[in-house]
Structure formats: C-alpha cells, structure tokens
Amino acid sequence: MEFPTLEFVYFGLITLTLSWLLSQTRTVQKSFLLAASYYFAWKWQPVVLATLVGSSLFNYGAGKLILRHHGEKLQKPILVIALLANLGLLGFFKYSGFFVENLGALLSLLRLEVHLPLFELIAPFGISYYTFQSMAYLVDTGRKKAAQPASLLDFLLFLAFFPQFGAGPICRSHDLLPQLAGPAPRHIPELSTAVGLIVTGLLKKMVIASYLALHLTTDAFLAPTSFSSAELLLAAFAYSAQVYLDFSGYTDLARGIGLLFGFRLPENFRYPYAATDIGDFWRRWHITFSTWLREYIYFPLGGSRHGRLRCYLNLMITFVACGLWHGPTWGYIAWGALHGVGLSVYKASLDIRRDMGIDTDAKKPFWWLSLGWLATLSFCSFVRVFFVSADFGVAMDYWRGLFAFNMDGRGFDLGVLFLTLLTLFLNFFGKRFFDGFVGWHERIPARARPLAWVGILLFLLTIRPFGMAATIYFGF
Amino acid sequence: MTEKRSQSGVAVHDDSDLVPKASIWGTVGSAWVVALVLTVYGAGAVSDEIQGWERLDGVMPTAGLAQALEKTQKVVGLHHLHATLTGLRHGINEDIVVGEPAAETIEPVENGGPEIEPPDESHPAHRRGPAKHRVLVIGASSIQFALGVELERRFPMYEKVKVKRYGQLATSLARPDFFDWMKKAKALIAEFKPDLIITNFGGNDAQDILRKDGTKVSYDSPEWDEAFQKLVIELIELGRASKADTVMIGMPVMREDKFTKKMKRLNRAMQQATERAGALYISSWEMSSTADGKYKTSTRHQGKRGLLRTSDGVHYSKFGAQILVEEVLAIIERHFALTPKDESLARAEPHAFESKALGRFVSYVAYLPRRRPAEGDAAALVLLVPSPESEVTEWPHHPHRRLQSLAESLGHPVVLVEPLTISSPEQRTIAEALLDSELLSDLGRHFPAPGGLGIMLAPGPLAEATERSSEPEKVVVVGGPWRTELEAQVRTLSAELKASAPRPPEPRVREGAVHDQPE
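So the protein lines, in turn, are chains A and B. To convert, note that position 210 of the first sequence is 209 in numbering that gives the first Met the number 0; the numbers rise steadily by one, no gaps. To convert, note that position 200 of the second sequence is 199 in numbering that gives the first Met the number 0; the numbers rise steadily by one, no gaps.
Since the hints were made in silico from the structure, they are not lab data. Keep in mind it's a predicted model, so treat the numbers as computed, not measured. Just so you know, not all the hints are guaranteed correct.
Taking CB as the label site, the calculated pair distances span [said to hold, decoys possible]:
#: 1; chain 1: A; residue 1: LEU106; chain 2: B; residue 2: LYS293; range: 24 to 32 Å
#: 2; chain 1: A; residue 1: LEU450; chain 2: B; residue 2: GLU222; range: 41 to 49 Å
#: 3; chain 1: A; residue 1: VAL99; chain 2: B; residue 2: ASP256; range: 22 to 30 Å
#: 4; chain 1: B; residue 1: LYS182; chain 2: A; residue 2: TYR38; range: 34 to 42 Å
#: 5; chain 1: B; residue 1: ASP256; chain 2: A; residue 2: SER303; range: 53 to 61 Å
#: 6; chain 1: A; residue 1: SER150; chain 2: B; residue 2: GLY63; range: 43 to 51 Å
#: 7; chain 1: B; residue 1: GLY63; chain 2: A; residue 2: ALA149; range: 45 to 53 Å
#: 8; chain 1: A; residue 1: VAL8; chain 2: B; residue 2: ASP256; range: 26 to 34 Å
#: 9; chain 1: B; residue 1: ARG254; chain 2: A; residue 2: SER95; range: 18 to 26 Å
#: 10; chain 1: A; residue 1: GLY181; chain 2: B; residue 2: GLY63; range: 43 to 51 Å
#: 11; chain 1: B; residue 1: HIS89; chain 2: A; residue 2: SER95; range: 40 to 48 Å
#: 12; chain 1: A; residue 1: ALA403; chain 2: B; residue 2: ALA240; range: 33 to 41 Å
Cβ coordinates follow ideal geometry from the N, Cα and C atoms, glycine included.
Modelling step: build the complete structure from the supplied sequences, incorporating the hints.
See below:
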C-alpha cells in the first residue's frame, strides 16, 4: 500500500476517523491504531506482520530484562545477545543471499566447487527501520537514557505506527513514547503544517521525483550506453534530486499524516543540497539515520577521541556500515566507503588548517561557500552512480559514457534540467515557500478549506506525469 | 507557533499559541468531502483500481460500484473537467527535448545490393531478404527494466544494428485511455523507422479491454480473447505498414497461481494472433518454469547460479533477463538471419526466389565467409537441402551460429534452403523443376561456384530428383535427423570438392626473376 494511492487514502481516512472517535479512551484509541498499523503491515505481506510482531515482543522483553539487571553483571550479556538477535534477524533476511553468493564465488576462485543453497528471501518491508529503532531503544535503555514505554501496547505502537514504520523516520524512544503515554490531544496539532507537509510531499514525490525517474534517470542508470555524455551528466544530478525528493517527500507525507493523528514525528531532511561541505551534508541528510550511525557506531568506536588516524578509520567503518544498511550489494558498500573517504579527507583538511592556525569556524567568504557547495553537490551526485547502478558493470558503463564525450543519445530533456535546477533552488528558498503556504492556509476560513484542498489536489493530479516511480527507500 | 529543540536536536513544535485550534471533526469531515469529490472526479481510474481489488469482490460488487461512480461523475458534470484537465496533463507531459537524433537512412549491407531487388524479367524473381538494421523494442515494465535493457544491450552485437527501446511501466494494450500504445507505437515507428519490432506486453493486459468506441470487453467474457487478439494484430499491422517485422515475446510463469492462469490464457491468445498475422511469437514459458510447469525460482547459467525473477515474482531479474534474451536472440538471429560482429563467423544473407513449380517464393540463407579465398583458389559451395523432418533447426547449440562458423572455417559459402514439402501427385516433375531450373539456376546466378558444388539432401523427392540430375558434381543424401554429424559430413564433402577442384595453372617463372626457392 504505497502512500499516494486510492487504497491508502481510504485506509487512512477510515483509520483517522475511528482513531479520533475513540480518542476519549486513550487505550482503546491506541489499540485501534495498533490494529490498523498491523493491518497495514499485513497488507504488504503476512511475513512483514509476523516479523514485526516477533521483533517487537522480543525487544520489549529484552528492554525489561536490561532494566531489571541494570548495573549488574548480567546487563551487558543481555544487551549484547539482544543486539546480536536483532542483527541476526536483519542479516538472515537481508544479507544471507549476498553472503552465500559471495562465499560461493570465493570458493570457486579457490577451485572448491561447493553447491551452496540459493536463498530467495525477501526482506520484510520496514525491517531495516524498526530493527534499528529497536536497537537504539535497547542501547539507550542500557545507558539509562531511553524513555520507557508505559505499557506493552505503547511499545508495540512505537515500532509499528503505520505512517513511519515502512521507511522511517527512525524514531528514538523519547521522540514517540512520551507522546504515546500522554493523553490524546484535544485538537489536531498544527493542521496547516500537516497540510503543508502533505502537499509538499505529494509535489515532491508524485510529481517531480516521478517525472525525473520516468523521463531520464531510470533508463539512464539501467542502460547508460544509450545516452550521450551530456545526458549522463544531467542524469547524475537529476538522480540526486530524485532520491532527495522521493525520500523527503515520503517523510513529509509521513510527518503530515502523523500530525493528523496527533503525533509529531522527527524531521529527516533539512535542505541537504544547501550544504557547503560533506560534514554539513550528513547533518542535513536522512537525519534520524545519520544520528543513529553517530550515536551507536561512530561514538562507541571512539569517534575522534583516539587520534586522527583512528578517527578516519572510525568514519570509514561507520560509512561502510551505512552503505551496507541500504542493501547487500557492492554498489552500496562502495557508495558508503566513498562517503567515508570524503568525510575523512574533509576532516583531515580541517585538522591541517587548524594546525596551521586557521580558524575553521570563522565566517567564510561567498566564493568559498559557493565552491564548497558545488564540490559537495558534485561529490554526492557522482558517488551515487554506484548507489543507483545495478552492478559495477553498469556503473563502469556510466563512467565510460560520461567521459566518451559522445553526442549520440536520446536528446536532452529540458524538463528534467528545469526540475533538477528547481530542486536545487528549493533547497535554498523552499522554507520561505513552505512558511508562506502555512501562513496562507491559516488565513483560509475553515469552511473554505475543502475547496482549497480540492483545488490544490486537482492541480497536482493535473501536472503529475503518467506513472509514479516506486519509493526508493521502501526497498531498504 | 513556535519551535523548540529537544535534547536530541529533534524539532518539537509548540502549538499552544496556535489560533484558531483546528476542529477535529471539521477537519476530518472536510477530508472526507475532498476524498469523495476527487474519487468521483477520477472515476475512470478509480473504478479500474477497485475492480482489481479481488479480495473486495466477494464482499461488495466492485463492478457495480465502479459503474455507479462513473454514472455519478457524468451526473455532476465532473467528466468535462476531467477531460479538460487530462488534455492539459498530456500537454504538460510532452517531452521537451533538444538534440534528439534524427531518423537515419538505412545503410546497405557491405557487399550487398539493394534491400529488395526488382524482379528480373529474364529469370524467376529473386529477392534479397530484408536485412534487419533498426530494432525497436517496446513494451511495459519488463521492457522498461531488465528484459528491455538486456535486449538493448545485446542487439548491437549484430552488424549495423541500431536499437531504440521504449518501455512504460504499468501500461497495457488493453487500456488506451491510460496509455495509448497504438498511438505511441505509430509515433515511434515514424520517428525511428524500424525494420524489426520486438514487443513484450501482457503483465497488465489481463483486465477489461477498452475499445475505440468506448465500450468495454470484460476480462471474464469469452469475447475477451478475440478483442485482445485484435489489439495484437493491430500492433503487428502497424509495423507491417512500415515494412517492419514484429516479434512478440510471451509472458512467463508467475509466482502466484492466479496470475499464472491469467498469463496462460493471454499467451494462448497472443500466440494465435501473432501467428495468424504472420509474425514471430517467442515463448518465455519454458524458460521460466520447472519440468512440471511450476514457477522456476533459480537456475544455473554459464557456471553461475542465480534468481530468475525479482522479489515480486513477476519481473525478470537481470540474471533471468540475460538467460531469456540469449534464447530470444538465438531464435531471432536464425529467423531473420542476423550476422554477429564476430570475425570468426560468416555473414548470413537471407534470399528468396520465386518458384513457379511450387507457386510461391522459396527462401534460403547464404552463409558467406568474410575471409577471401586464397589467390587462385576456385570457391566451392555446399548446398544443404533439408526436409521438414530433418530437424536442422533443432540442432543443439545454436544452428545458425554453427553454420556461420562452419562456412567461415571452410572458406566457401554454405547455403541452407528452407525445409520443403512437395505434396503433389506430380512431385517427381515438380522436384526436378524446382531443383534444376530454379534453385540451382538461382544459386548459379548469385553465388557462382567455380570450385564445384556439393549438395547434401535429406531423403525425399528432391533427393530422388538429384540422383537423376547430371548437374552437381557431388551429391550426398543424408538419412535420419540432421544433427551434429551433419557438420562432419559437410567438412568431408567440402574437402572432396577442394581436392577435385580444377587446379590453377602453375605460375611460370620469368627468366631472370628472383625467387626464394632454395638452390
């Protein structure tokens, strides 16, 4: 059940209506929301529901055990076992095929012909997100930093709440559990913000991202040899725009829908293509995930506390893990590793400048920021070639095509160029438009709002392309 | 409204100063109104979607609901708005492309003549088979993704072949209101001027068909098969009007049994229509199913084991597409006599001559070696005349390729005639006329063989006619199915021809000439 579909609209409306009808009794309302969320999971595939329920019950029990044995010798082994169990679940569904395939290739290189079983396992929808959410809860519980669920029901809903369980935002315990424990709000919080987020999400995902995917990027990264060098150059930036619009559009929808139900979900993107260096980019891109990596991998490895070389190594490990989280392919690993290299080089440049007595925090001139912006955007876009290509062979086809300076392609799509530039522009000025929209919506009389909503939606339905690209981050 | 930050940096909105508070029931009620208005507005698309909700079909009559929606749309007049905005949507989504490649003129094959030679008054008409140089690959999601990409990647391995792929996911021949494939195909054909069109449709076609007059043919009705066949034939005819041949690739077995049944019905209809229209249908069913006809998950290919399909159990994985395309190309290559860019393989040229004896054109493929014969060598020619039982097309490991390889290694042409059936009481006379006056005469005119002609025939009337003929120097009648042993027999015949070929005169050494012979 993708978000902007008829099925989802009516599922959401029925759930919304009944949820508010039942809001007088908070437990009944939450039980209903849990049932609706489980229905949503079951609709993808029954195995999605089974793994979600199993994982939730296990992690709830593990959390309770960690709390009970807090400060005792048993706490650490329980935490380690619980974390390994979570990683095992994720590894089994997501990485076993990759492991077996590469082990087979390695053995045949060593001339050991072994017939390993071939798995056709489909990672249950959302598993990467709720497993990471659970692991964060367990570690925070061990550190006594986690907000604790008031009941099993709250914990189950914390992991399953349907607007966010499929592709995040990856909520930490204090993001959602206190909201679940409190009484039901007496009104819909920030309706105009919710409407703004939903409209923005639809515009980003259903209109612009789909246009870019259907008119250039899907084909360009499937068969780069059919495109000219100029088209391939545009495709790299257009795909960067698409992946941002698709994922942040989905997040906007999730946050907007969450608000309609009375819950605030954390923000995941803060205009990442306005970043002027790679460190800045990762503070703005997939924020809940990058925060997770920082808190639960980079810092525990020692962060920057054990010398420079160790810091660069920690960055590399963290970003290879980041790549691997996206999926079991060498392309994702290469993408993560290249970001690790990029961040290490950036960090080393900061260290060297500080050694030279340069104040790296001082205000930078405009030309410096512009160069930094262009370098960051280009780096992120070109490194994504490994992220989007089906394998290294296709990625190499892309690079060969890009540097062949060949003019023989399908034609340069000006619509794609315009929308790519528009996306970059909105990374700088989008907030003004969004705030303007929220203010305008606030001023519309309540009775006229349905008319305004119909008008906006008709506009979006009219300008959208024929066909909608699948949500990229649902695949992770 | 103010914004605070929690310890974790998460934005927490404080709505205590939000005025006025949004009323829950006002908002929820408005959301319902908007949803219902838009549902009626998009009644056509909505009714398609709800009819696809098979689970709902047992609970409520989805067809009735769909009809009611479309009726309501007309009653409230929203269909006018829908038509206007849909027109606008088409306009907005027009490609704005610069530097689009212009359609090129088709270049003749090297050493070749015109595509179709004009009939020669003094001889039976001869045609050089139309070579395939511009391949258009069209279809739904499988063409947009793995299958299409693999076809696009592999076709340029043939000499002078250019490919254009156009795939559009979630589209079908059945629903021109959503995506008009006939219109699109016509535009693509006019723009690219293909001589071969490869298509793969069907995944989204197992649904009600919308006819041009606006009426629908229910998928559950017996008329559906005929309506679908009409669409297939219309597509093939579109290509034919521009002198392009069409190949329809059938749908594979699906993971879901219900979907598999639908595809079986669709494939049957598609195959019948394709063959009726004189086009080539290639099945993907066998490749995608196990020995007992079930969905095949994985297979081993070229030493690698991999999954055939993506996780949805519908689309091909890259690995699966590679295997299918290999099979598809083997058939297409043989059918249209394509020549790979491979120096070790002879060129293939399709030819045909008008046989008055049979009252139709008879086709043959000439495999012409790339390397020139050594100076002074008189080129021989081996003619293969199979019978319908010869199973020459069933040779293992790519017969077309093997003949190309054989001709190149022999260094002289090898000609394969189509399997011929003569079912007339006067078969003896016909066979003699066909062989002597027509086939050998046509070959002699187009492929003179001063080094001698050898014929290998399958048993039958033509073999009997040859025995009486005084024309060929070497005639071998090969009994039984023509399988791998044929290759060895061709080699032997070729060697005999070369051995008995007239020797070129000894080079005379001019007086005083320097030569490198030892003293």
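Verification of the supplied hints:
1. In this structure, LEU106(A) and LYS293(B) meet the distance hint of 24 to 32 Å, their C-beta atoms being roughly 30 Å apart.
2. For the pair LEU450(A) and GLU222(B), the beta carbons lie near 44 Å from each other, so the given range of 41 to 49 Å is met.
3. For VAL99(A) paired with ASP256(B), a C-beta distance near 28 Å keeps the hint of 22 to 30 Å intact.
4. Under the hint 34 to 42 Å, the C-beta atoms of LYS182(B) and TYR38(A), about 41 Å apart, fit the expected range.
5. For ASP256(B) paired with SER303(A), a C-beta distance near 57 Å keeps the hint of 53 to 61 Å intact.
6. Checked against the hint of 43 to 51 Å, the pair SER150(A) and GLY63(B) passes, with Cβ atoms roughly 44 Å apart.
7. At about 47 Å, the beta-carbon gap between GLY63(B) and ALA149(A) stays in the expected band of 45 to 53 Å.
8. Checked against the hint of 26 to 34 Å, the pair VAL8(A) and ASP256(B) passes, with Cβ atoms roughly 30 Å apart.
9. Taking 18 to 26 Å as the suggested C-beta distance range, the pair ARG254(B) and SER95(A) conforms, at roughly 20 Å.
10. For GLY181(A) and GLY63(B), the Cβ-Cβ distance of about 45 Å falls inside the hinted range of 43 to 51 Å, so the restraint holds.
11. In this structure the hint that HIS89(B) and SER95(A) lie 40 to 48 Å apart at CB holds, the actual value being about 47 Å.
12. Between ALA403(A) and ALA240(B) the beta carbon distance is about 37 Å. The supplied range of 33 to 41 Å therefore holds.
Comparing the model with each earlier hint shows no violations; every hint is respected.
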